[in-house]
Amino acid sequence: MKSIAQKLKELRQVKGLTQEELAEKAKVNLRTVQRIEKAESEPRGKTLKLICEVLDIEAENLVKLKDTHQSKIGTTIANGFFLLALNLVLMGIIGFLTLDSNANMNSVFAGVLLSFFIPFFLTILTPKMSGLERMLKFGFGYIIYFVLTMILHGFPVGFSSGLFPCLMISVVVLYFGNDLISLRKLKYN
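Following our numbering, the numbering of the sequence shown begins with 1 at its first residue and continues without gaps.
For the record, the hints were derived by calculation from the structure and aren't laboratory data. Any given hint could turn out to be false.
Claimed, not checked - Below, in silico cross-link-like pairs of lysine-lysine (DSBU-like), each with a Cα-Cα straight-line distance of 30 Å or less:
hint: 1; residue 1: Lys27; residue 2: Lys9
hint: 2; residue 1: Lys49; residue 2: Lys15
hint: 3; residue 1: Lys25; residue 2: Lys7
hint: 4; residue 1: Lys72; residue 2: Lys25
hint: 5; residue 1: Lys15; residue 2: Lys38
hint: 6; residue 1: Lys25; residue 2: Lys38
Please read all numbers here as calculations on a predicted model, not as lab measurements.
Could you put together the complete structure from these sequences and hints?
Here is the structure:
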């Protein structure tokens, strides 16, 4: 994503103008052009209009460029919160089915099934993602849950409750999910 400063600098260079020539033709201070191209300040109003006239570009196009960049940042933040919430929900489901005091063999079995199928469907939905990237995005909650359980309850409780095997199954399926899908495709082709 190009910033306004980069775009103006590129347009100036394409036109074959130096900073001094641009400042002279646009009737703005040379220091202003230098600060704009270094992204120390952003051109507004009359200054932006004068520079855009010399470079033969509409000022609205540069403003749209900035808005697109800001919306990308907002999307990244929203995706981060979604991934955090998803990881908390996945941790809660597996923890409730295995580590809960009322957990029985049926709920542990359900935890094992979910710890395979949820990551498997995440793999199907993200086929172009590498195993490591998928494991880090969707499995960091499992890893944190493992560490917290080790600290609070210890390994014997985590393993005997079925929590650790479920977490391990989930992380392995997230990491090797593409390989599972490839094997399935080979079998049916």
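Against the structure, the hints come out as follows:
{"no.": "1", "hint": "Lys27 / Lys9", "result": "holds, 17 Å"}
{"no.": "2", "hint": "Lys49 / Lys15", "result": "holds, 17 Å"}
{"no.": "3", "hint": "Lys25 / Lys7", "result": "holds, 18 Å"}
{"no.": "4", "hint": "Lys72 / Lys25", "result": "violated, 34 Å"}
{"no.": "5", "hint": "Lys15 / Lys38", "result": "holds, 19 Å"}
{"no.": "6", "hint": "Lys25 / Lys38", "result": "holds, 20 Å"}
In terms of the numbered hints stated before, the structure departs from hint 4 and from no other.
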